[in-house]
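*Asks:* Okay, here's what each chain looks like letter by letter:
Protein chains: 4
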Amino acid sequence: MNTIGNIYRLTSFGESHGAAIGGVLDGVPAGLELDLEAVQAELDRRRPGQSAITTARSESDRVEFLSGLLNGVTTGTPIGFVVRNENYNSDDYTAMAAAFRPSHADYTYMAKYGLRDARGGGRASARATIARVVAGAVARQFLANIGIDIYAYTSQVGDIRLPLPYYAYDKAAIERNAVRCPDAAIAEQMEQLILRVKAEGDTLGGVITGVIKGVKPGVGEPEGGKLHAMLGAAMLSINAAKGFDYGLGFDFADKRGSAVADRFVSTEGRITTATNNSGGIQGGIANGEDIYFRVAFKPVATLMRPMPTVDTEGRDTVIEGKGRHDPCVVPRAVPIVEAMAAITLLDAVLMARASRWQ
Amino acid sequence: MNTIGNIYRLTSFGESHGAAIGGVLDGVPAGLELDLEAVQAELDRRRPGQSAITTARSESDRVEFLSGLLNGVTTGTPIGFVVRNENYNSDDYTAMAAAFRPSHADYTYMAKYGLRDARGGGRASARATIARVVAGAVARQFLANIGIDIYAYTSQVGDIRLPLPYYAYDKAAIERNAVRCPDAAIAEQMEQLILRVKAEGDTLGGVITGVIKGVKPGVGEPEGGKLHAMLGAAMLSINAAKGFDYGLGFDFADKRGSAVADRFVSTEGRITTATNNSGGIQGGIANGEDIYFRVAFKPVATLMRPMPTVDTEGRDTVIEGKGRHDPCVVPRAVPIVEAMAAITLLDAVLMARASRWQ
Amino acid sequence: MNTIGNIYRLTSFGESHGAAIGGVLDGVPAGLELDLEAVQAELDRRRPGQSAITTARSESDRVEFLSGLLNGVTTGTPIGFVVRNENYNSDDYTAMAAAFRPSHADYTYMAKYGLRDARGGGRASARATIARVVAGAVARQFLANIGIDIYAYTSQVGDIRLPLPYYAYDKAAIERNAVRCPDAAIAEQMEQLILRVKAEGDTLGGVITGVIKGVKPGVGEPEGGKLHAMLGAAMLSINAAKGFDYGLGFDFADKRGSAVADRFVSTEGRITTATNNSGGIQGGIANGEDIYFRVAFKPVATLMRPMPTVDTEGRDTVIEGKGRHDPCVVPRAVPIVEAMAAITLLDAVLMARASRWQ
Amino acid sequence: MNTIGNIYRLTSFGESHGAAIGGVLDGVPAGLELDLEAVQAELDRRRPGQSAITTARSESDRVEFLSGLLNGVTTGTPIGFVVRNENYNSDDYTAMAAAFRPSHADYTYMAKYGLRDARGGGRASARATIARVVAGAVARQFLANIGIDIYAYTSQVGDIRLPLPYYAYDKAAIERNAVRCPDAAIAEQMEQLILRVKAEGDTLGGVITGVIKGVKPGVGEPEGGKLHAMLGAAMLSINAAKGFDYGLGFDFADKRGSAVADRFVSTEGRITTATNNSGGIQGGIANGEDIYFRVAFKPVATLMRPMPTVDTEGRDTVIEGKGRHDPCVVPRAVPIVEAMAAITLLDAVLMARASRWQ
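First to last, the sequence lines map onto chains A, B, C and D.
Start counting at 1 in the first sequence, then tack on 99, and there's your number in my numbering.
Start counting at 1 in the second sequence, then tack on 99, and there's your number in my numbering.
Start counting at 1 in the third sequence, then tack on 99, and there's your number in my numbering.
Start counting at 1 in the fourth sequence, then tack on 99, and there's your number in my numbering.
Careful, some of the hints might be misleading.
The list treats identical chains as one, so a pair stands whether inside a single copy or across any two.
List of simulated lysine to any residue pairs, SDA-like, C-alpha gap at most 20 angstroms [stated by the list, open to error]: (1) 354 <-> 301; (2) 312 <-> 370; (3) 354 <-> 262; (4) 421 <-> 357; (5) 270 <-> 306.
Think of the hints as simulated: they come from the structure by calculation, not from any bench.
Can you make the complete structure from the sequences, with help from the hints?
*Replies:* Below you can see the structure in the form of structure tokens.
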């Protein structure tokens, strides 16, 4: 099950320490000129080694497109792409091959398949998200073409939280710091916290907030294809993601209906809502307001300190992370959240084309 | 997109005030004797009119099975089923047809399809969950047969929360009160709160906690079929659901990796984890520990008091709920959460059969 | 796998001697007023007991629609439907339960599922095609709305063949005889042959030719969704179907390229082909010419004479058909071929909506 | 729709004159050691330039595997692969870009997508079958591991036909001649015919017969997944395929039921059929007998002689094939037919794992 999407679909492949990560984009509509450098730029945003708060593993992560384009224009046929793996030291993982790292997928892959590629987490590595970033970067160009804008930012690192709702922050400020937090002062606190925790060989969790603007009312399907459920599945499939909510989300639980109902109003012939606690989706279908959501991430499981565990024979052992790992996954996960949102939205937009007969 | 699942699949149909709700269960493995009364019993748990805290709409909701069984044993062919709609008053909804109820799917359905069945929310009605409950009740019999146990309970209503983790509560206590909360004292508080809010014509949100025990390590697929992402999509597709997390979920965000890593230990030749912050899933694949998760629900959108909104022409109007609606969806959503968990797990168990060659 | 289609999808259920045959039509676009009597009329065309050449089993086969319609107009939500089984005598099948009928699916169902519903062929019965006829009758109304016309006719019964290509025959003549052959004289020969063979307790094979007119160029997908491959799969899934070809089909094998190339010509600004040996599809995509194809059917497997076989224990036995069976499936399969063509085409038309970005 | 299969799935990409052809194999069960040279050997069988009767276009067509293998053993994760395009002369196609070649997909791709990659047929080129051959070569190793053997041979070229049923011919004789026909004398006639027609700048159609041995009873699904319908769709999706039948196929049409019923017999405790007119499948499910089928191919559409057509503006023009094209596709399509059969069977075998509960 390495396919995501219904009409616009990414089928991906690749292990952390194999030859390459790549995939096939199917259902790409014909006739849009793609900015391939913009796709590469999204990969660069995801790439490790960007700053002091990310892993130092350094790879160029250049994407090569193999099909589906003619003079840069999509032809409607599938786009195959590969990103070669370059700089890795398999020796870092020799010890890991013999033991199950705590809170990693080592044990579950072994249980499922009877064998596993222990080098760098194999298929379960965060490097596999490279394919998603490519698919998302292509999708967002289509979406931009119809006025849909997607962005995400770090809203929590450890116990440091952004206090205000999404609309209080400036999108343009997000990329101004390594943490990808739109509030410069809080970003600075987050960065200091990450560095402190990194120095201790420890790791941190966090939360990313995503925003999607410009979706026309009517996108999303009932029952098996509710837009927020598709978004939720997409976000939860990101490595280390442990929770998803949208609109007021979990904060709805202690609210009264009278306090959070989104009253409809008519403004210049267009129906909107006076508030947007629903998060832009009602009954699984977009209502035209901003879609906003949160994704919770656990702390990175690989610590740079000795951790007790068992080996593949079930004997007690101690393991210590030696590869290059981020102390906090959140800053680099921001472009991945955006990518998954873009994949989901383009898919939903194309699906919605079949809603009405004429 | 009214199909849920990959191998074990529910394709459902039906509107609140149409002739019937029903569906087709496909991929039902052959050879299990089903307890059809147990399926009906699950429907009875979902049925309105059970207590003072639920809507008084009274329907028998009897399920009729039309195929796929021979002397009560599954034959491997699809199980068609219908539940007739009986007791409803379409007049309650006449006013609603002309206006868009706040925070309901009235407007989005109209935007999507160009017309809508305004009677009782049509397809977006919570009555559509009847089909899911049937599918779940069938699935849980298969799962019970291989030692998988699923249950859920109300863990929050408004600002009243259960303070302890799931394992601190007794499953047997859940059904002893109308709220479906395993702590009798807190259940009593929740019930009083619901009655108070109901008297005000208002509604309340809440949270349900779900638990799945006995899943063998190896169930769940990488990338496009991660078990928690499938669970998340299933839960988020329930009416009024706004959030999902599993394991520590959003509480992971402010934790350090060293504090929450689930150390592997070997007990009597079986590998388990010393703690279970991960919630039984690592890398999208079950590790054999308990799976536990939360689902957040918003307050019911229909209030029994006047609410300003616009009509289908965009003119200001006022609407007041007249149908029968729960003041809090959570108690009756408990069996639906269980049903969606069962559907997802049976599907994942069957998918996992193809993981290894031999 | 009881679902057919990608966007317009039929998920069906039902055994010959169970309570009902039915299904769910999903992906029905919103906004078309359906003529429900026309759907019933298609079922009537399929119904047994129409003439001396079909089985005398008599059922009213009335379809009941349960959802997805508002004042007869499609709402975009799924259409559930059921056709109750009425008149059958399970006793006819008692002997059959103990033995495997030659060339029937009795043995394979038992091998696959470990048990089987032996009454009347269970799920493998031709009665299961009822659901397809309903789905096809709905689809053809959408197609008629955009100028696509579908029809089929009997072109061979036993060794009696229609000598001319499809365009030599009058569509209006097809329904004038019980055989559904547009040449009255040949139809009479076919009918006599069927009656003669029936009198001998024997059965006959045949061929149906299908025609689809008015498909716009561009319908059909590359590789995994070629229009003729989808049509072929649809036709081959009909009970007793053993072969499919389109355009010149098997007759292409002994032709030279120079003799059968379909030269493009431009007529009044529209590009057409001077000949249509390709059968309206090139590279899996419709080119705007008529699509025509053939479906081969084997003789009905149930003979009204003693046949040696083995029982479920592998012991030699003799079985004799006692139920009501057609001596030749072809006349009653004509509406089923049309139905499958309509399902396939509507699906392909909806899929093609995502081909181009703008 | 560039995905084929349900559990074992090939998602492919690539144009004739783009950078590469490739794909992703998903659903590959873990734990089988693959012979990668055997995969390459299948590609070599498909490669052009093998003999005087095929195109002289010469490419090494080396497949590179990018993931999913550990020391040659499948890990259960997807296998990405690419085959680079090397030797082509785009100039050969300059004229073709301006005109629609008769009986080619030039016009339909343009009609569908609004633009097309005119170089060598783009995605509609037979080079796209490279991905299928790789997927098939992997699948057949799994199948061989459980005793399933697949082979195909040329049974008709132009008007020269093999007169006997499949079991009269020796599988080992197939690869002894360039035509891939198991009867040496008839192969010689076929080869002479092809060379004669080639000298005239013309092309020829033909038929391939496929055989699948060793499938266990019970493989195949009812209704939407009938084994022969899946096989048929797979075969019809091959370039230039125009027809498919299995068992007696179209020859059933003029037979009586009494003459072709496959009587069950019990031999040493195993139930088999005395004859095998059904072609090893009954009700869409394998009965354990040999599966055999035919695929009809039209003559190659590109002739090495002037052909009248229209250009993209609809003006009359003349086109003459200048690229390298086979005069008869059939000999090189033999490994493709085998590949499609292997993909379909492995998929069906894996699907059948979910048929029974225990």
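*Asks:* Now look at each hint and say whether the structure bears it out.
*Replies:* Right, here's what the structure says about each hint:
1. 354 <-> 301: between (37 angstroms within a copy, 10 angstroms between copies)
2. 312 <-> 370: within (16 angstroms within a copy, 43 angstroms between copies)
3. 354 <-> 262: both (19 angstroms within a copy, 19 angstroms between copies)
4. 421 <-> 357: between (54 angstroms within a copy, 16 angstroms between copies)
5. 270 <-> 306: within (17 angstroms within a copy, 32 angstroms between copies)
The earlier numbered hints are all upheld by this structure, with none contradicted.
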